[in-house]
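Undergrad: The lines below spell out each chain.
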Amino acid sequence: MRSAGDVIQLVLPHERNIPKVNIVLAKINFATIALAAALAASPLAAQQAGPEIANFTLANGLELVVIPDHRAPVVTHMIWYKVGAADETPGKSGLAHFLEHLMFKGTAKNPAGKFSQVVARIGGQENAFTAQDYTGYYQRVPSEHLKTVMEFEADRVTGLQLTDDVVLPERNVILEEQNQRIGNNPRARLGEQIDAALYLNSPYGKPVIGWRHEMEQLSRDDAIGFYRRFYAPNNAVVVIAGDVDPAQARALAEETYGKIPQHGAMAPRARPQEPPPVAPRSLTLADARVEMPALQREYLAPSFATGKRGESEALEVLAHILGNGSNSRLYRALAVDKQVAVTADAWYDSSALDMSKFTVGGSPRPGVTLPQLESEIDTVIGQIIDKGVTSEELERTKTRLIADAVYAQDNQASMARWYGTALTTGGSVNDVRRWPDRIRAVTADQVRDAARQWLDKRRSVTGYLIKDVSPQAEKRS
Amino acid sequence: MSRLVASILCAAIALIAGANAASAMTIEKIVSPAGIEAWLVREKAVPLITLNYAFPGGSSQDEPDKSGTANLAADLLDEGAGDLDARVFHERLENHAIEMGFQVGRDYIHGSLRVLNEYRDEAFGLLRLSLSSPRFDADAIERVRGQVLASLQRDTTNPNDLAGRRWWQTAFPGHPYGRETKGTLETVPRITAGDLRGYVRRVFARNELKVSIVGDVDAQTAGALIDRAFGALPQKNDLKPVADATPKGLGRRIVIDVDVPQAVVTFGGQGIARNDPDFMAAYIVNHILGGGSFSSWLYREVREKRGLAYGVNSSLAWFRHAAVVLGGTATRADRTADALAVIEQEIKRMAAEGPTPEELEAAKSFLKGSYALSLDTSGKIAVQLTQIQIDNLGIDYIQRRGALIDSVTMDDAKRVARRLYGGGMLVTVAGRPKGLTSSESTE
Chain F
1 MRSAGDVIQL VLPHERNIPK VNIVLAKINF ATIALAAALA ASPLAAQQAG PEIANFTLAN
61 GLELVVIPDH RAPVVTHMIW YKVGAADETP GKSGLAHFLE HLMFKGTAKN PAGKFSQVVA
121 RIGGQENAFT AQDYTGYYQR VPSEHLKTVM EFEADRVTGL QLTDDVVLPE RNVILEEQNQ
181 RIGNNPRARL GEQIDAALYL NSPYGKPVIG WRHEMEQLSR DDAIGFYRRF YAPNNAVVVI
241 AGDVDPAQAR ALAEETYGKI PQHGAMAPRA RPQEPPPVAP RSLTLADARV EMPALQREYL
301 APSFATGKRG ESEALEVLAH ILGNGSNSRL YRALAVDKQV AVTADAWYDS SALDMSKFTV
361 GGSPRPGVTL PQLESEIDTV IGQIIDKGVT SEELERTKTR LIADAVYAQD NQASMARWYG
421 TALTTGGSVN DVRRWPDRIR AVTADQVRDA ARQWLDKRRS VTGYLIKDVS PQAEKRS
Chain C
1 MSRLVASILC AAIALIAGAN AASAMTIEKI VSPAGIEAWL VREKAVPLIT LNYAFPGGSS
61 QDEPDKSGTA NLAADLLDEG AGDLDARVFH ERLENHAIEM GFQVGRDYIH GSLRVLNEYR
121 DEAFGLLRLS LSSPRFDADA IERVRGQVLA SLQRDTTNPN DLAGRRWWQT AFPGHPYGRE
181 TKGTLETVPR ITAGDLRGYV RRVFARNELK VSIVGDVDAQ TAGALIDRAF GALPQKNDLK
241 PVADATPKGL GRRIVIDVDV PQAVVTFGGQ GIARNDPDFM AAYIVNHILG GGSFSSWLYR
301 EVREKRGLAY GVNSSLAWFR HAAVVLGGTA TRADRTADAL AVIEQEIKRM AAEGPTPEEL
361 EAAKSFLKGS YALSLDTSGK IAVQLTQIQI DNLGIDYIQR RGALIDSVTM DDAKRVARRL
421 YGGGMLVTVA GRPKGLTSSE STE
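Sequence lines, in order, name chains F and C.
Numbering-wise, the first sequence is residues 1 to 477 according to our numbering.
Numbering-wise, the second sequence is residues 1 to 443 according to our numbering.
Just chain F, same shape as in the assembly:
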C-alpha cells in the first residue's frame, strides 16, 4: 500500500479521537490490514543515502538492530518477541494478546505501574501490539533515558509476576476491546469470517484478539505458561531507532539485556501448513447495522518468507496496480468508468511466516448488487491475467513504492517497525535494505504470472456484507 504513514503518532489535542489507549492489534480489521500491507510494501530503508544500520547478537541469543537518526533528541526502543497468536495452543485463542496486556502488571523488581509511571514522568510514550507472528512492546523517550527503558524492558523479559487480582479485571478489558474492534464493527466481523474460511489448516484462521468463548476462559496459569515458554532473549529482537549510535547501544544492551540467561533452545516455529486450495468458497454476513454493503475477497498467496525469489515483490506491484489509489485498475474501471462502485481496492501483506493473503474489495453504488460488483471485479482481474500490465503502470508503481523507502527514513518509529516486522517474519536486515532493488527488478511478465498463478478463484474466499432485514433483526434494532 501507499504512504508510509506514522505507525505511532502523537494525537494532537485538536483531533477528536475516540479512546485509542493501549495496544495495536494487527490483522483484525480493514484499517489494520491496510497498515500491515503498508508495512509489507515498504520495508525499506537504507537506500544509497540511508543511515548506517547495525545488526548484532548478544551471547544469550538476543538480536539487535540499531538505526541511527540524530535529527531529534529522541529514541524509539522496541522489543519484538517471535511469538504471536499463531503460536497459541488450540483452545486458547487470544492468549498471546492477553499476555501482551498482562506484561504491564509488574515484576518482582518493579511493581505494577512503575514502568509506566517512569515512562510518563520522562515524557515518554509506550504501547504494545500483537499480531499472528509477533508481539512487540515499545517506548519512545528522550534519548538520554534510553538506558532506563532498556533496564525495565530487560527486567520483564523474565520477571513478570501475575495474580488473579490483576488478571481478572484485565480479562474484562480484552473482552471490551473485542467488542470495540469486532463486535461493534460489521466489517471487522466479516473479515474474521473470511479469514476463518480461507485458512483450512493454518492457525492464521483464528482472530488475533481471540474467539470470545475462549477469551472468557483464559487464566493466569495460561498466561504464565505461555510467557515462560516463549519470552526469552533468544526468541526476541530489539530494535532501537533514533538519537543513538551503534556502539553506545551495544554497550547499553550488554549492561541490561546481556545479563538475562539464555532460555533452552527454542522449538522451530513449525505451524500446520495449508493444503493446496481446490474450491472457491463464499459466505454472506448479514448484520442489521450494515448501511453500506461490501464485498471482500481473499486469495491464499505466498508471503516473502514462503514465496520463491521475486514472487512477493511481484505481488506487491500487482496489488498496487490492481487496487491502490485513483490510478488503479479497479478504481478506474469500477468507480470512474462503469460507475458501479463507490470504492474498490486491493492489498497484499508480504510479512507473514506462513502463507499470506492477497485481498480485493469494494462497495457498490446504490442500485448495484454485490454479484454485479463481483462480476466487474472478475473482469478487471481477468484482463490482467490475459494481457498483463503496461510498462507505464509498472514504472509508475515502482516510482511510488521506491519513494516510500525514502519517505520512511523521515520517521524513526516507522523504520523500527519495519525492521521488527521483517525480522520476526522470516526476513533479514539485508532483505529490508535491498527492498528498493528488489522492487526495481520486478518485470511485467512476473506481475502477469503472479496474477495468473495466485489470483485463481479456487484459492479464494469471497465474503458479502449485507444488511439483515429479517423481521427478527427489525425487532432487535
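Be careful, since some hints might not be right.
Here are a few chain C residues that face chain F, going by a calculated C-beta distance under 10 Å [claimed, not checked]:
id, residue
1, 26
2, 29
3, 147
4, 152
5, 153
6, 160
7, 248
8, 252
9, 254
10, 256
11, 260
12, 292
13, 320
14, 337
Label-pair ranges, simulated between beta-carbon atoms [what the hints assert, rightly or not]:
id, chain 1, residue 1, chain 2, residue 2, range
15, F, 165, C, 407, 38 to 44 Å
16, C, 361, F, 56, 37 to 43 Å
17, F, 366, C, 85, 40 to 46 Å
18, C, 409, F, 264, 55 to 61 Å
19, C, 357, F, 169, 53 to 59 Å
20, C, 234, F, 56, 55 to 61 Å
21, F, 275, C, 197, 56 to 62 Å
22, F, 225, C, 341, 33 to 39 Å
25 Å max Cα-Cα, derived DSS-like pairs, lysine-lysine [what the hints assert, rightly or not]:
id, chain 1, residue 1, chain 2, residue 2
23, F, 105, F, 259
24, F, 114, C, 434
25, F, 387, F, 338
26, C, 434, C, 348
27, C, 305, F, 109
28, F, 259, F, 109
29, C, 305, F, 114
30, F, 105, C, 305
31, F, 109, F, 147
32, C, 248, C, 368
33, C, 66, C, 248
34, F, 457, F, 308
35, F, 259, F, 114
36, C, 368, F, 147
37, F, 308, F, 398
Calculated from the structure, these hints are not laboratory results.
Being a predicted model, the structure only gives us computed values, none of them experimental.
By construction, the Cβ of each residue, glycine as well, lies at the ideal position given by its N, Cα and C atoms.
Following the hints, position chain C against chain F.
TA: This is chain C only, laid out in the frame that chain F set:
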C-alpha cells in the same frame, strides 16, 4: 512589487532545554518575493520536502442547508485542475510519488504536500493548479459525492458517530460548530458546482494563509516554491463572520438507541481558549484527569481497577469561537452506568480537590519531555509549526513552552480544575446501556 527574498533569521530554537547542538532545530521566518510569509526548517538528512498550510474558513463557512460544502470541495481538489482532468492529475501525482492532501476542520482547511527533492517543481506546480483552478467536473463531483454519501450512510449505525454527532448538535444548536464537517444525507445532495467554486473563491487567499515548510531547501528556493503554489491566489479572503459560542446542554444525558454490544459514551463541557492565561494549567490538569498516559485518573479507575473499558480519555479542543473539554469511552451495556458513575465521580473529585503536588510535577515532567516526540519527523514538525502560527504563539514558542509549564502552581491547578470540571457535562451515549435513560439532569 517584486522584491528579493527577504529571509530573516528570527530565532534559533533548541527542541528541549539542554539538547545538544546536533539536535537543535532552527525556525526561519521567510517572506516570499510575492510577500507570503512562511516558517522554514532546513533539514538535509532526508532528500524530501514537506509543506503544511492552512486557510481560515473550514466547515463553519458552510450554509446550514448545504453543510459539507467545504469538505466536498477539499475532496475534489485533486480531481482535476487547469487543463488536467482527474485521471491525468492523479497520474502526474503518482508518476512523481507526490503526496497531496487536504483536510477540513471547523475553522480551517489544512493542506499538506510531501515530495522528493527531484520532483518538487512539479509538485508545487500541481498544488498551484489545484488551489487556483480546480475544475469541479460534473462526473468527478458525482463520484466523490457518492463516496461521501456512502460514508454518511454508514455512519448512521456507527455508535461512535452517533454519540459524537449528537454531542456537537446539542452543545452548539444553530451554530456552525453544531454541524458536522462532512455534512448530512440531506445537505450533501444539494451542493452544486457553483457552491464549490464559491467556497474556493472566498477562502483560498493570501492574507491569512499560514505556511510551514520543512526539508532540504534554502530560504530563496523555499520562497520561490511558495510563490509557485500560492502566488496566483487573490490577496484577500471573504469570510462570513462566525459568532462566539459556549456549549449548551451541560448536565443533560442523551441516550441514542442502536443495537450494539458495547455502548459508546461522549462527555464534555466548557473548555478554555488557547490564549487564556490559564490554558497551560488547564492542559496539565486535563492530562492528569484523562490525558494520553497510562497513569491518568480515568484510565486507572475505569480500566485498570475495574476493567470496564478498553480505553477512556479526556482532551481539550479549542476553536476560533469556542472551546470545549471532550472525552469518551466504550463499555459493555450492563456496566455503562457504572463506568459513567466512575467518570462523573472522578471529574467531580478533580473539580473539588484538584491534583496532588506529586501528580502536578509528574504531569509537568511528561509534558515537557514528550514535546520532542511530536517533532521527530518532517511531517510532524510542519504540522506543529502551522498550529503554532494558527494559535499565534510566536516563533519562539517551542523555546518558551517549558517555562510556561513550569510556572503553573498548585493554586493555578486547583483553580482551573474547578473552572474546567465544576460546570457539569453534557453526556451522549449510543447503544443499549442497561438502566440508563435520557435525562435533563444527571444529578
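Undergrad: Take the hints in turn and mark each one as holding or not.
TA: Verification of the hints:
A least Cβ separation of about 12 Å between residue 26/C and chain F goes past the 10 Å threshold, and the interface hint is therefore violated. Evaluation of the residue 29/C hint against chain F yields a violated restraint, the C-beta minimum of about 21 Å exceeding 10 Å. With 10 Å as the threshold, the beta carbon of residue 147/C comes within range of chain F, its nearest partner Cβ sitting at about 5 Å, so the hint holds. Residue-level restraint check for residue 152/C holds (minimum Cβ-Cβ distance to chain F is 9 Å; threshold 10 Å).
Because the smallest distance between the Cβ of residue 153/C and any Cβ of chain F comes to about 4 Å, under 10 Å, the interface hint for this residue holds. Interface restraint check: residue 160/C against chain F, minimum CB-CB distance 5 Å, threshold 10 Å, status holds. With a least beta-carbon distance of about 18 Å to chain F, the hint placing residue 248/C at the interface is violated under the 10 Å criterion. For residue 252/C, the interface hint is violated, since its Cβ never comes within 10 Å of a Cβ in chain F; the closest pair sits about 19 Å apart.
The interface hint given for residue 254/C is broken, as the beta carbon of that residue sits about 17 Å from the closest beta carbon of chain F, more than 10 Å. For residue 256/C, the suggested interface contact is broken, since its CB lies about 12 Å from the closest CB of chain F, more than 10 Å. A cut of 10 Å between beta carbons decides the hint on residue 260/C: the least distance to chain F is about 5 Å, and the hint holds. Of the supplied interface hints, the one on residue 292/C holds, with its beta-carbon coming within about 7 Å of a beta-carbon of chain F, less than 10 Å.
For residue 320/C, the interface hint is violated, since its Cβ never comes within 10 Å of a Cβ in chain F; the closest pair sits about 12 Å apart. Given hint, residue 337/C at the interface with chain F, is violated; its Cβ is 15 Å from that chain's nearest Cβ, farther than 10 Å. Range check, residue 165/F to residue 407/C: about 41 Å between beta-carbon atoms, so the 38 to 44 Å window is met. Separated by about 39 Å at the C-beta atoms, residue 361/C and residue 56/F satisfy the suggested range of 37 to 43 Å.
The supplied range of 40 to 46 Å is broken by residue 366/F and residue 85/C, whose beta-carbon atoms lie about 25 Å from each other. Under the hint 55 to 61 Å, the C-beta atoms of residue 409/C and residue 264/F, about 56 Å apart, fit the expected range. The hinted range of 53 to 59 Å is not satisfied by residue 357/C and residue 169/F, whose Cβ atoms lie roughly 29 Å apart. Hint check: residue 234/C to residue 56/F, Cβ distance near 59 Å, so the stated range 55 to 61 Å holds.
Between residue 275/F and residue 197/C the C-beta distance comes to about 59 Å, which sits within the given range of 56 to 62 Å. Our hint of 33 to 39 Å for residue 225/F and residue 341/C holds, since their Cβ atoms are close to 37 Å apart. Straight-line distance between C-alpha atoms of residue 105/F and residue 259/F comes to about 22 Å, which keeps the hinted pair within the 25 Å bound. For the given pair, residue 114/F sits about 36 Å from residue 434/C by alpha-carbon distance, which is inconsistent with the 25 Å threshold.
Taking the CA atoms of residue 387/F and residue 338/F, the gap is near 20 Å; set against the 25 Å cutoff, the hint holds. Our distance criterion of 25 Å between C-alpha atoms is met by residue 434/C and residue 348/C, whose separation comes to about 23 Å. Restraint check: the Cα-Cα separation between residue 305/C and residue 109/F comes to about 21 Å, which is no more than 25 Å; the hinted pair holds. With a C-alpha separation of about 15 Å, the suggested pairing of residue 259/F with residue 109/F holds against the 25 Å cut-off.
The straight-line distance between the Cα atoms of residue 305/C and residue 114/F is roughly 15 Å, inside the 25 Å bound, and the hint therefore holds. Proximity of residue 105/F to residue 305/C is assessed by CA-CA distance (about 12 Å); at most 25 Å being required, the pair is judged to hold. About 16 Å separates the Cα atoms of residue 109/F and residue 147/F, which keeps this hinted pair within 25 Å; it holds. Distance hint between residue 248/C and residue 368/C is unfulfilled; the C-alpha atoms sit about 34 Å from each other, more than 25 Å.
With a C-alpha separation of about 23 Å, the suggested pairing of residue 66/C with residue 248/C holds against the 25 Å cut-off. As the CA atoms of residue 457/F and residue 308/F are separated by approximately 21 Å, the hinted pair is consistent with the 25 Å bound. At roughly 21 Å between alpha-carbon atoms, residue 259/F and residue 114/F fall within 25 Å of each other, so this suggested pair holds. Of the pairs offered as hints, the one joining residue 368/C and residue 147/F holds, with about 19 Å between alpha carbons and a cut-off of 25 Å not exceeded.
For the proposed pair residue 308/F and residue 398/F, the alpha carbon gap of about 20 Å is at most 25 Å, so the pair holds.
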